[in-house]
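6 protein chains.
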Amino acid sequence: MSVVVQSIERADRKVIEALGEAGVATVHEAQGRTGLMSSRIRPIQQDFSVAGSAVTISAPPGDNWMIHVAIEQLEEGDILVLAPTAPCDMGYFGDLLATSAAAHGCRAMVLDAGTRDTRDLRAMGFGVWSSAVSAQGTVKETLGSVNTRIVCAGAAVNAGDVIVADDDGVCVVPLGRAEQVLEAARKRLQGEADRRARLAAGELGLDIYDMRPRLERKGLKYV
Amino acid sequence: MSVVVQSIERADRKVIEALGEAGVATVHEAQGRTGLMSSRIRPIQQDFSVAGSAVTISAPPGDNWMIHVAIEQLEEGDILVLAPTAPCDMGYFGDLLATSAAAHGCRAMVLDAGTRDTRDLRAMGFGVWSSAVSAQGTVKETLGSVNTRIVCAGAAVNAGDVIVADDDGVCVVPLGRAEQVLEAARKRLQGEADRRARLAAGELGLDIYDMRPRLERKGLKYV
Amino acid sequence: MSVVVQSIERADRKVIEALGEAGVATVHEAQGRTGLMSSRIRPIQQDFSVAGSAVTISAPPGDNWMIHVAIEQLEEGDILVLAPTAPCDMGYFGDLLATSAAAHGCRAMVLDAGTRDTRDLRAMGFGVWSSAVSAQGTVKETLGSVNTRIVCAGAAVNAGDVIVADDDGVCVVPLGRAEQVLEAARKRLQGEADRRARLAAGELGLDIYDMRPRLERKGLKYV
Amino acid sequence: MSVVVQSIERADRKVIEALGEAGVATVHEAQGRTGLMSSRIRPIQQDFSVAGSAVTISAPPGDNWMIHVAIEQLEEGDILVLAPTAPCDMGYFGDLLATSAAAHGCRAMVLDAGTRDTRDLRAMGFGVWSSAVSAQGTVKETLGSVNTRIVCAGAAVNAGDVIVADDDGVCVVPLGRAEQVLEAARKRLQGEADRRARLAAGELGLDIYDMRPRLERKGLKYV
Amino acid sequence: MSVVVQSIERADRKVIEALGEAGVATVHEAQGRTGLMSSRIRPIQQDFSVAGSAVTISAPPGDNWMIHVAIEQLEEGDILVLAPTAPCDMGYFGDLLATSAAAHGCRAMVLDAGTRDTRDLRAMGFGVWSSAVSAQGTVKETLGSVNTRIVCAGAAVNAGDVIVADDDGVCVVPLGRAEQVLEAARKRLQGEADRRARLAAGELGLDIYDMRPRLERKGLKYV
Amino acid sequence: MSVVVQSIERADRKVIEALGEAGVATVHEAQGRTGLMSSRIRPIQQDFSVAGSAVTISAPPGDNWMIHVAIEQLEEGDILVLAPTAPCDMGYFGDLLATSAAAHGCRAMVLDAGTRDTRDLRAMGFGVWSSAVSAQGTVKETLGSVNTRIVCAGAAVNAGDVIVADDDGVCVVPLGRAEQVLEAARKRLQGEADRRARLAAGELGLDIYDMRPRLERKGLKYV
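From first to last, the protein sequence lines are chains C, G, Y, L, B and D. Using the numbering used here, read the first sequence as starting at 3 and increasing by one per residue. Using the numbering used here, read the second sequence as starting at 3 and increasing by one per residue. Using the numbering used here, read the third sequence as starting at 3 and increasing by one per residue. Using the numbering used here, read the fourth sequence as starting at 3 and increasing by one per residue. Using the numbering used here, read the fifth sequence as starting at 3 and increasing by one per residue. Using the numbering used here, read the sixth sequence as starting at 3 and increasing by one per residue.
Same shape as in the complex, but just chain C:
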């Protein structure tokens, strides 16, 4: 039942970088409002964005053994994504593991559990998105799996999916859709630039998006 999938496909590096620049909110919109992790996943640092390929970890509650196993599977530009098999706020990840992961090319850690050594992690510039901060250590007794499909904070993640993370949270882009989502994201960003200029000039969304007739039809009353 416990497996490590050693060979996974990854998206094109340039596509990944471009998705990271687009940011979570835009990417989430661009792929039809899917793939967003729960708002309980928060960054331990501010003004920090990252994108990379998911190396997934399914781990028992309070057991971080599989992170060691997963680190061996990392390639440059990857992001570790860990889902415990039951809710757990313990500190699965700290500065020693981050040092090891970074040495193997890892850019960030996303986990629906706790992290620790947060001050050191920020000093290292290693991005972490977690559902808790806790100094509580874990054991290494029970197996899990690496690079199998997981559900992390409500989002399904396959190994190799593109993870985009910034101050707004974490979004998962399925590997096979990465280019198409990027294209849609680019279109949104262009449209947004134009709309931002018009809104900044004082034009109303009510007019830009021609909302008035529809509001009236629905029955909105001005009094």
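Certain hints may be false.
Any copy will do: because identical chains look the same in the list, a pair fits if it lies in one copy or spans two.
[As the list claims (entries may be wrong)] Here are the computed lysine-lysine pairs in the DSS-like style, where the Cα-Cα straight-line distance is at most 27 angstroms:
#: 1; residue 1: Lys16; residue 2: Lys189
#: 2; residue 1: Lys16; residue 2: Lys223
#: 3; residue 1: Lys142; residue 2: Lys220
#: 4; residue 1: Lys220; residue 2: Lys189
#: 5; residue 1: Lys189; residue 2: Lys142
#: 6; residue 1: Lys223; residue 2: Lys189
#: 7; residue 1: Lys223; residue 2: Lys142
Hints are computed from structural coordinates only; laboratory data are not their basis.
Position chains G, Y, L, B and D against the provided structure of chain C, taking the given hints into account.
Just chains G, Y, L, B and D now, with coordinates in the frame of chain C:
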């Protein structure tokens, strides 16, 4: 049922500014410990204070259409206050809406729901207090109301009430009581300055407030 | 039932300082993973560590009277630790009390309740770890106790225990175990420095800790 | 600031009873989906409905003194509605207070706080809707108010408003709208009876409500 | 993006029934401790078990339109499983929809959202597992999908998967694994019957499972 | 670090039974409002009370091995009390363990974690108080301790302490105070019987407890 009240009364600008300088904790005390929103409402920025007149929005869960409608009702110095009609952590508000609101004089957004584009919002210096951060977008399908009485995070808010927001949270001062609350706040601040000096010098609250006899009467034992 | 224990034992100042330098995660490990407060206790400031002797406060919900009583019991280097007798997010502690506590040698406040005036507290450099931020004030009507045994955020605390607090949370070291825990912490830190260097050089935890045979025995499959 | 309003208006007894028979879900719909308390308010008993006039209580956290004051203001058919001024799960209400309230005509208790003696309360047939069950007792030290406007679990309540409570939760009908809401509720119930028969016979909502063209227009694809 | 998959595969009726008799705890163990929904999903009734084929619904927050669409896709023995696209406690489902669903063969509703008319639903004997009870109604404005893959309360669900639900919660058995899981469940049940008899007779798990040597090896001390 | 204390003291059986009859709310009051577990600990059954001597278990998250160890330490009339070392909602306890525990004299299980097989447990008449219901099974890999001091749901528990549990929750009476608490509880019950009769006859608490002068002194206004 869905209405937009177009003409609302506002408090005097100087009173509003002065309440903002007094800060949430002092204002809340000064008005008899009423009007405070729940502690789940947190700022997305640090060391930032604001005060303004409430333009209220009642919106369905996951639907931010009424924000567009409300922006047209803004005047210089207003604060948008949004309460969803059921608990919702979706991202109702982001940088585009902030750009539009700011262009119409808005100083801040307070909402018992999610916000997004938080990094951009901080960069803009547009203050936001919310109960969640989420990149999850909303739809524009169902009407709500603007400038009607709402309950936001446990506090009743009428259009035109003075909103004071800082690192400690958000407090609502009823429009009709703004001047009286300001006067009480000023008295508190004067008293506090004196007490702060005495406490900093090492005098004990037990003595300044003459608590010892009452503690003894209630039965406190020193062992 | 309401007592103030006036004379408490404290650990050696050098031991306390050294535990503070070791940090919460290390100290928690060094004492066998006990004494950690719940992850709901969060600092109001970042990149800030402290250690000191606990002066404990058991207080009714919404009543901070006993903090005034406790301040008289403070000595240089102490930390106030407050547990309400029922869950409460009200703002028990703000800048006036911090001014008074600091004047009596207090280094920090830890409370399973709310704090307020957070901006001022950060400006003062007075560390606070709390389960909420709230401007909601408290009353002074009902007695509690000072320097009796309390349970704060899931951790038992006796007066004089060493409190270590940093960005990862708060840990309690029993007074009688402080030196022994410090020794264990030092050993851990030495081991960590060595392991960090090896991990940074790319060596795998799988090899450093000789995990491969045990993983195989438990049945991990590489595919 | 602490007041007891002694004379309040109440709705017609027959209207109240009829609203109670209509039930929370129907009444909530009939008044435009307003007035519902948060889903954290749960009954301590099952298959139990009640309606009555609100006698409101604003009480400090952990202090049930005002319940004694409110009981003197009860009339036959009233319901006590208590909102603490900060979140609190303590047991404000138990079998002694229920005995007293029942002796003065009270039908039920609704509170955004804890209740205790739940087994006895069920045996008495005295309905309670609360946000917690807790044996934790309260003090009688700090004043609150009776029959002033409160916000209870997110719903604004004025003294004399009609409270409808059943297994689905608690809804507040403003006194001045009671008759109009009842009429709307009756219409809904008639329509529902007809629709229930058609749905039970296997007719689809898609057809009864003529949803197919609108679904198609919005772009729903059948594959 | 919004689709209704009309033709789905289902497991064998006898296999489904047998999984239902085995119960959630046994089935969850039998399939390697996967597929369990979060413990926030609770039944509105007691001592009630059911199993059936999943007809899945992805719905916007506060919008139950897709339930009407899904009912047309039901076959005898199915269970509706609804996941909102953002956390929502509103009452998506009540007695009218249950009447319609039951008329089309549906056995139960599982939803990570609210339900209402709970008393009527219990009286009908229509099983519901939900994350909230709320009278709050929803709108019919925004499309979702039917019979696509969803994540419901942390568990991935495909249309046609076997849903097993009882007092302990809800478990999802992938369609393709149903028979194999059933076989494993049967083996567990046989083993359990034997162990239950031995345990009831006073034999210790320590001896039945031969735990003593392993406990000693791990270092357990008896004092 | 992992120990099993084999010989523990217990309170007198008659005292234990009498405390159980007094009930949680009365016992909690009688011992000065201490020892109550958090309101998140709820019974899986209704109208059920029990009292017994605590056999304590400290267990890692997701690991129920120590329950097997603890069962060997049970005597007639004991109650198992389990605290995980980090928050965990997994199902540590089900009908097999209950069968074994009952065979060794155990009356009930109290745990700040999940339980499963709840329908069977109710059918067996074996009382369980837990913070969750979950079918999620646990492992047997990591040691904990039995009969050491624990903190369970906010209450400190020593082995041999008297546990009282009913519909209102769970209260811990320290072994050395059991008789004294019982005496205080009996006095309360006598006083309550008298007061209940007077309240049922319509006398007001305001008069029975002579509250009117104190209310007036504090400034309550009747309008």
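Against the structure, the hints come out as follows:
no. : hint            : result
1   : Lys16 x Lys189  : within (17 angstroms within a copy, 45 angstroms between copies)
2   : Lys16 x Lys223  : neither (50 angstroms within a copy, 33 angstroms between copies)
3   : Lys142 x Lys220 : between (59 angstroms within a copy, 12 angstroms between copies)
4   : Lys220 x Lys189 : between (30 angstroms within a copy, 22 angstroms between copies)
5   : Lys189 x Lys142 : between (47 angstroms within a copy, 20 angstroms between copies)
6   : Lys223 x Lys189 : between (35 angstroms within a copy, 24 angstroms between copies)
7   : Lys223 x Lys142 : between (63 angstroms within a copy, 17 angstroms between copies)
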